[in-house]
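Colleague: I would like the entire structure built from these sequences, with the hints used as guidance.
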Amino acid sequence: MASSAGWAAAWVAEVARVVTADRERLTALDAAIGDADHGANLERGFAAVTSGSTAGGTAGEVLVGVGNTLISRVGGASGPLYGSAFRAMGKALEEPVTGTGFAAAFQAGVEAVGKLGRSAEGDKTMLDALLPASRALAGAVREGCDAREAFRRAAEAALAGARATIPLVARKGRASYLGARSAGHEDPGAASAALIVGALTAAGPAW
Amino acid sequence: MASSAGWAAAWVAEVARVVTADRERLTALDAAIGDADHGANLERGFAAVTSGSTAGGTAGEVLVGVGNTLISRVGGASGPLYGSAFRAMGKALEEPVTGTGFAAAFQAGVEAVGKLGRSAEGDKTMLDALLPASRALAGAVREGCDAREAFRRAAEAALAGARATIPLVARKGRASYLGARSAGHEDPGAASAALIVGALTAAGPAW
Amino acid sequence: MKKLMNEAGSVVEDALRGMAAAHPSLRVEGGVVYRAEAKRGRVALVSGGGSGHEPLHAGFVGFGMLDAACPGEIFTSPTPDPIVAATIGTDGGAGVLHIVKNYTGDVLNFELAGEMVEGVEVASVLVDDDVAVLDSLYTAGRRGTGATVFVEKIAGALAEEGAPLAEVARVAADVDARSRSFGVALTSCTTPAAGKPTFDLPGDQVELGIGIHGEPGRSRVRLAGARELAEIAVEAVHGDLPFQDDLLVMVNGMGGTPLIELYGVFAEVEAFVRGKGARVARSLVGNYVTSLDMQGFSLSVCRADDELLRLWDAPVSTPGLRWGR
Amino acid sequence: MKKLMNEAGSVVEDALRGMAAAHPSLRVEGGVVYRAEAKRGRVALVSGGGSGHEPLHAGFVGFGMLDAACPGEIFTSPTPDPIVAATIGTDGGAGVLHIVKNYTGDVLNFELAGEMVEGVEVASVLVDDDVAVLDSLYTAGRRGTGATVFVEKIAGALAEEGAPLAEVARVAADVDARSRSFGVALTSCTTPAAGKPTFDLPGDQVELGIGIHGEPGRSRVRLAGARELAEIAVEAVHGDLPFQDDLLVMVNGMGGTPLIELYGVFAEVEAFVRGKGARVARSLVGNYVTSLDMQGFSLSVCRADDELLRLWDAPVSTPGLRWGR
Ligand SMILES: Nc1ncnc2c1ncn2[C@@H]1O[C@H](COP(=O)(O)OP(=O)(O)O)[C@@H](O)[C@H]1O
Ligand SMILES: Nc1ncnc2c1ncn2[C@@H]1O[C@H](COP(=O)(O)OP(=O)(O)O)[C@@H](O)[C@H]1O
Ligand SMILES: [Mg+2]
Ligand SMILES: [Mg+2]
Ligand SMILES: [Mg+2]
Ligand SMILES: [Mg+2]
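Protein chains in written order, with my numbering: chain A, 1 to 207; chain B, 208 to 414; chain C, 415 to 739; chain D, 740 to 1064.
A few of these clues could be false.
To be verified - Quick list of simulated restraints, FRET-style, between CB atoms:
no.: 1; chain 1: B; residue 1: 255; chain 2: D; residue 2: 944; range: 35 to 41 angstroms
no.: 2; chain 1: D; residue 1: 831; chain 2: A; residue 2: 48; range: 29 to 35 angstroms
no.: 3; chain 1: C; residue 1: 549; chain 2: D; residue 2: 900; range: 50 to 56 angstroms
no.: 4; chain 1: D; residue 1: 769; chain 2: B; residue 2: 325; range: 58 to 64 angstroms
no.: 5; chain 1: A; residue 1: 115; chain 2: C; residue 2: 614; range: 51 to 57 angstroms
no.: 6; chain 1: C; residue 1: 438; chain 2: A; residue 2: 183; range: 46 to 52 angstroms
Hints are computed from structural coordinates only; laboratory data are not their basis.
Each residue gets a CB set at the ideal place from its N, CA and C atoms; glycine is no exception.
Modeller: Structure representation (structure tokens):
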């Protein structure tokens, strides 16, 4: 692999592609229990990411830049949350990128979401996809899996986590206003988190 | 027949009945080329007429009262126009009521519409039903028909006149705003005029 | 039909109760909306017409504008009786100006009322600004729409200054003569009595040249962007009375269109006005002369001069228009 | 979807162009709406949030109310950057109050902005008046809705008088604490981006306890008359903070409901208030905190005292709220 920075750029380019492709689905999920803008928000944010420069010396620098762009361009709840996640992950990601280092940085990113959002697993948010993904990633690395397999397991865990938000009653974000009526719908942020984690597999091995 | 006043009261009671029964049709005609209130306007007006007193010494006095109530309670274009018609007819109607006297009074009422509305036959208004009715009434009386037959012919002429407004392009009232698009629709005021004239037959002979 | 109402027959009465309760500056009596404190010794302004155009007219009763408004039933001109009462009730000795939108019903009822009033000097001005209607022998003449706001505001300011009736009437007629309007509907309105849309308009079409009573317009075109629709309205108005120098411009909502869209339309209108070498000297963007829940907008333009702008800027304090006090 | 717009993506930008063109009293720069003439030496008020609620917030920029508003995309909180710019740009040396409606997005973006600003004293008040949301550990807390108008007006008057930041912030929080709101939708709104109604609502049902972003409410009931719907809203608000003495009452339209209906609702609300032994001391009836083209209304009530009424009555001159100058 050429450079860690190139890998990071490829990851977010793939994220931009998939959130645009799934824009309508994300918006429809948000219409059901939110305000119907999640698809547009992420499309706008990642379009800004890819149309700007994603160059940088290291993957960490690229990801901090991505986080800043998301914070500057998305707005809403997801902008600061995803933006902080990418920033925190970028800051924590050391060179040379190793499996252990990647998993720890990913975890740092996920923890930034919970900290800023004052939210925890089971609140029916993006965390319900991100936390299982983070655990799967760390577990795979511990078991000695290569990047490809670690990403596959993380993606699978994120998807399962997103689906598992369906029966939950939301305790954070806009969906919490609905009370019991929020149950029966997948959380849009969890769905987009699964897309972001899923995009890891397409970006190739990071270490 | 008991009294001319009783006859006049019976006539307007029948008008109240038929405009209420045909309220939706009149409103629909007005929706097509006007503002969808003609049915409600006439229902309100004749309800006020019948719920108030239609007593009076003579038919003429009753009809003047009806005209005043219509002017006071209908509003819109049709209120002053029908109100003035009933007032003028009432003022012109002499006792004892004769065929010739009735026809002349009816004609005076119709002429009041054209005078106030600055309108003439062919403008696609209530006049297109009222003027043929007035001519038919006068003709029938001249030919020596009895009231029943004279009313029948007047009603027939009014109905035919109303139908004949369909192809016309309106030159007066709200429908004139539509220009050529007003053609193809029956004028709501002509339709209600046909109802009012038609109600003569149900009120029994006036002389 | 979905409306916030009790019954179709009580909509106007209920709204008047609400206006009276909401605005201590107004007094509602016998179906007429008066200023709570009548002005004395000055020309009084009385207007009226069918309801469903709120804030017009009752929302324009107050300092610097109307002295009384006579709201009829929905889209139905008031009868002469309240007009007579309002005329007598507001006369402060200097006479009363009737501001009448040019509709057969309004014209006839104000005319009958004028004949019935005794002992009050009454003048009348007819507002007929809608260029969608050809002013010819073959129509009832142009409709009165958005320019009514200009006429009521400017004549009201002049009356407040103490100008005599003939002068107030002359300036009111001048404002009308300088004003033109054109309306575009995205949807029909629904009257409470009818309970369904007055006209059917497919989802991909707009109705051009509509009036303010749900009368269908003169033609239909495919739904276009705000810029194209603004251009159609601009050209219709400008084509009838070319823009020139200082303009008073109103982008008016038809009742169901939110402000964010009206500002978008205004942005386009203002650019077109500049493109024609004229200038938006004053503007209004909002719902002023509505047609119940109709979605759409109308454009009204008045070719103002310094004196008219001065009167426009004069203080006004009504529920619908307020500045300077 | 039928809207007066150019493209879904340009709705906010186009509306801001229109606002700038329509109101010489405003200046639009970098997506922020400022007063054209900044005030100096006094506490500045900055608010913001997703667009689609017009006139909130940009329409409340001006004398006696906000110093700047940061409109985000439709229903999307602004990013920290414009908030930072507005905070620095309006600080006249006495500090800046952020007025934040309680939504996760608004809270987070204002919070990040507050951390990014240096050299300006910043305080923040959270508006959370919507009784339809239970304020518990299991929600994001109550939404900020109609009471925002009360907070912005009253805090703005106090800032204009020269009160220090801590005092302005304290009174703003007090107004919020004294205020409650409840919303009822007859129809969903349609966002330009989605192009279809956010929720489906059958023709014979209304949605109760809606927010201002097309979020579905907490329950549905059969469409009822204005009196019944007003009573539901009144009981929801009164049940949470009992009416008492002098009330500031707003019957607010959701954007697609015409004024005539809102006055009808206000008539009912006012009667219920009297029935509970309280008094409508001041009122607003109209479209102030909207949800695009949604039809419906919300009721907001603030338990005022003499000082708050005095501040409410103080002069204000903004596109959306104006009196006294
Ligand atoms: N406090 C929070 N912690 C974590 N995630 C949150 C929180 N609040 C909201 N979210 C996530 O943000 C998503 C909504 O994002 P988006 O629609 O872009 O913003 P908004 O709700 O402001 O419209 C939710 O589906 C949820 O996953
Ligand atoms: N100038 C006129 N002369 C005669 N009849 C008229 C004139 N203008 C309108 N009308 C009649 O009035 C009818 C409309 O009445 P209505 O709907 O009650 O009043 P409005 O048009 O004020 O809503 C028209 O259909 C037409 O027959
Ligand atoms: Mg959202
Ligand atoms: Mg009609
Ligand atoms: Mg009418
Ligand atoms: Mg949002």
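Colleague: Each of the hints needs a verdict: does it hold here or not?
Modeller: Structure-based check of each hint:
{"no.": "1", "hint": "B:255 x D:944: 35 to 41 angstroms", "result": "holds, 36 angstroms"}
{"no.": "2", "hint": "D:831 x A:48: 29 to 35 angstroms", "result": "holds, 33 angstroms"}
{"no.": "3", "hint": "C:549 x D:900: 50 to 56 angstroms", "result": "holds, 54 angstroms"}
{"no.": "4", "hint": "D:769 x B:325: 58 to 64 angstroms", "result": "holds, 60 angstroms"}
{"no.": "5", "hint": "A:115 x C:614: 51 to 57 angstroms", "result": "holds, 55 angstroms"}
{"no.": "6", "hint": "C:438 x A:183: 46 to 52 angstroms", "result": "holds, 48 angstroms"}
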